[in-house]
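Asks: Single-letter residue listing:
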Amino acid sequence: MRTGKHIKNILFRSIGLFVFLILWELAPRLGWVREIFLSPPSVVITALIEMLLDGSLMPHIVASLLRIFRGLLLAASVGVIMGLLFGYFRRVNQTLDLLFQFFRQISAFALFPVFILFFGLGEVSKTAIIFWASLWPILLNTSAGVRDVEPVLIRSVKSMGASKMYTFLNVILPGATPQIFTGIRLGGSYCVMAVVAAEMIGATSGLGYLVLYSQQIFKVPQMYAAIVALALLGIALNGMLGLLERFFSSWRKL
Amino acid sequence: MVKVQARSVKREYSIVNSVGKKETLSVLKGLDLDINEGEFITLLGQSGCGKTTFLNLLAGLEKEDEGEILIDGKPLSERDFNRGVVFQNYALLPWRTVIKNLEIGLEIRGVKKKERREIARKYLKLINLTAFENQYPHQLSGGMKQRVAIARVLVYEPELVLMDEPFAALDAQTRESLQIELIRIWEAHKKTIVFVTHSIDEAILLSDRIAFMSDGKVNEIIDVNLPRPRFKYMTSSSEFLKIHEKISFLLQEEAERLQSYGAYL
Ligand SMILES: Nc1ncnc2c1ncn2[C@@H]1O[C@H](COP(=O)(O)OP(=O)(O)OP(=O)(O)O)[C@@H](O)[C@H]1O
Ligand SMILES: [Mg+2]
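Residue numbers (the numbering used here), protein chains in the order written: chain A, 14 to 267; chain B, 69 to 333.
Incorrect hints may appear among the rest.
[Unchecked claim] Under the rule of at most 25 Å between Cα atoms (straight-line distance), these lysine-lysine pairs were calculated in the DSS-like manner:
1) A:K171 to B:K258
2) B:K142 to A:K171
3) A:K171 to B:K259
4) A:K177 to B:K181
5) B:K168 to B:K182
6) B:K285 to A:K177
7) A:K177 to B:K180
[As the list claims (entries may be wrong)] If the Cβ cut is set under 10 Å, some of the chain A residues that face chain B in the computed set are:
8) V184
9) S263
10) W264
11) R265
Rather than coming from a laboratory, the hints here were simulated on the basis of the structure. All of these numbers come straight from a predicted model, not from anything done at the bench. Yeah, the Cβ is synthetic: ideal placement off N, Cα and C, and Gly gets one too.
Based on the sequences and whatever the hints tell you, model everything.
Replies: And the structure:
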């Protein structure tokens, strides 16, 4: 009974996706769009499975994932530490707020040429663009999390005689943790976007490279397969970071 | 023996008034009060008369601008003394289980883990929440949370317990049972308690003395000579009614004073 309802619910929620897939399948088949530009999903999925089976896709997935994790890890470390300082010290906050608001508005893509100028075409500038894209949501969410810790909680441990260090480690840090992980999840989705751009210039591996390369050699089904793989990668990463976020905010009242 | 001496304590805040100008708001205007060791004293008065402000000074969370507060004869600021505050909205750490919340004060005092757990369990039993050891605050009712908040403070044996309207958010029944529980605990430990409430009944049933505050000062101190243990039926005793009438009169007078002051403005 319950599982029946559950399945119904999933079916209901998939209606949009199904309609989209059907239209996508029909468009090239009925000649609305030329098939050399738009491969139908059945062909794309076949290509995707083929690439998975013959092992040509995996290296690209691994390459993209490594770049994402490298950039995200760096952004999370720097972003969380800076965000904690930024949120904790009012003075630091006041002096840097405008600057950070400005930085946040600079798109990572706009900075890519600058990074290439400084770091060349190699991995460093790729990490830099991913880092930049995910740094700001992490940093700003962390500092907001610190500032949003309920003052009465801080006052209550203070009245029990807590040191600044104790208060920071036992009230401010755990209090800000849910929002820190919200920042990291957001940063993760920016990472997936940034990695594509990074891999389109001066790369020989990665899903972003595969999309561009397949287009250049006119392997259109492979191109779409790589795009679908990117979307799935994004969903997986978001799901994973979402779980992490949920885990760390389980104490929050629903 | 006198535990706390407040001597002409003044406290003011700088605020921005309704036309956007800065001005100083005098909240405590020379408050004098002696609090005896082991007594249960209640601060009562109109909203805004400075009860919470005074409590914050006693808690060391804020500092007086003039005058002084002595604990055992020494200035509060020079003494690293143990005090505990029970806040109206519990202020439990939501990411910690009940038992871990009870341990905070001991943790701060560097008590070893095993000993900490033992002491915390003892107090958990005292408030009849043993079964809830590993629950999180959001899984408790308001009354349970307040019991944890009270036990959390008692656990490290503070010299002075400050309670700011601790039962205000609770329903009448829970409130009554917590009052009884509080008095039972207080009689067992004989801590000095400074209590704030808006309920005249509550003040009379709990306190040894009631300090009536008005306009940033303690205007009058009322001794409550009802025998202990006290019971609900005593609310119809003549002593109770006498005190009740007196406080009601003071509050009425104060309300009229504020009203004419408002009209004058
Ligand atoms: N941090 C602050 N900054 C400015 N004004 C304040 C501050 N804290 C309190 N006040 C003012 O001081 C006055 C006394 O406040 P307080 O909280 O001590 O009153 P109270 O007696 O506890 O009232 P209540 O019974 O409503 O809790 C109020 O007019 C309030 O607006
Ligand atoms: Mg108050």
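Asks: Hint numbers the structure violates, sorted upward?
Replies: 6
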